[in-house]
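Residue 107 in the UniProt record's numbering is what sits at position 107 of the sequence shown, and the numbering runs on without skipping anything.
The set of hints was computed from the structure by calculation and includes no laboratory data.
This structure is a prediction, so every number in the text was calculated from the model and none was measured.
Just so it is clear, CB atoms sit at the ideal spot from N, CA and C, and this is done for glycine as well.
Where hints are given, some of them may not hold.
With a cut-off of at most 27 Å between alpha-carbon atoms, the simulated DSSO-like pairs for lysine-lysine come out as follows [stated by the list, open to error]: (1) Lys16 - Lys254; (2) Lys30 - Lys219; (3) Lys35 - Lys45; (4) Lys35 - Lys53; (5) Lys34 - Lys53; (6) Lys203 - Lys219; (7) Lys43 - Lys116; (8) Lys148 - Lys204; (9) Lys35 - Lys148; (10) Lys148 - Lys92.
Using C-beta positions, here's what the derived DEER-type ranges look like [stated by the list, open to error]: (11) Met1 - Lys43: 42 to 48 Å; (12) Ser247 - Thr77: 55 to 61 Å; (13) Arg301 - Thr77: 21 to 27 Å; (14) Lys257 - Lys34: 41 to 47 Å; (15) Arg328 - Lys34: 18 to 24 Å.
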Amino acid sequence: MNLKGRSFLTLLDFNKDEIRYMLDLAHELKAKKKKGIQGEELKGKNIVLVFDKSSTRTRCSFEVAAMDEGAHVTYLTNSHMNKKESIEDTAKVFGRMYDAIEYRGFGQDIVEDLQKYSGVPVWNGLTDVDHPTQVLADFMTMEEHIDKKLDEMKLTFVGDLSDNVMYALMYGSAIMGVDFKAVGPKETVCDPKVLEVSQELAKKSGATITISHDPEDVKGSDVIYTDIWVSMGESEDLYPVRVNALSPYKVTTKMMKDTGNDKCLFMHCLPAYHDFETSVARDMRDRLGLDIREVEDEVFRSENSVVFDEAENRMHSIKAVMVATLGR
């Protein structure tokens, strides 16, 4: 499989075999790291990481993964891009100096323009409508913990039906044959185009893609997945509205039992509100009387929760993307 020189903007740009190749490579690179074997696949490469949104896992994953394979990294949060300088001009500068670009921020059009004008591979670290590297880590984690093939698994996302992680999971599931269900309130609406594209892809892979508004519609799930209710960059004014709409969809011990599967995994892209040990959760509770927790602490800390395996796998799967598209 040769993906050299390709960008990684969305899973829609890859077929089932190509995604399977990256997943297999991620498992291989993880095993190599566990054995303490230093890689050289990216030796001599220079990579710029452009962050318009804050990050923990994405930044750490790209930096550690790149350095594990011998690359040099520039972390950039204060560029002139899209402010004093156009994306086109900035992309052309990056392309003269770097072998690849990672972008985490807002519009999907930004990563598309970076690819269009830079002449080097561009990797999507998150946009408002997609999060493809997250899904590779998620599928990798599912394969490690569930004794089934991906196309035999049932993945249920519970929460905001317009969530960018949900869209990426839907794309990935449709391509790889995972039965995917999104469960959330009518007040949040899945983009009809995202649903249409996913359902068309599902016809080829044998997956099912469904939307439900019933918070009890989780039976048979191998995975219950959720995300925070107000995303980065969204106004805090949304909290009262989202809490009112999404509270019935909080992941609880009852919901996990309703799956009928005592081995059902709980997954989350993180960060998560599962207790009141964050300033945001405390502030919303103390100032506005709102409980913004999308998952019960008991579920988050349970033996079925694999959120930290999932977080670690961001690094291994991102490394696979970089090695596959930029490696020697």
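Legend entry - Numbers of unmet hints, in rising order: 1, 2, 4, 5, 10, 11, 12, 13 and 14
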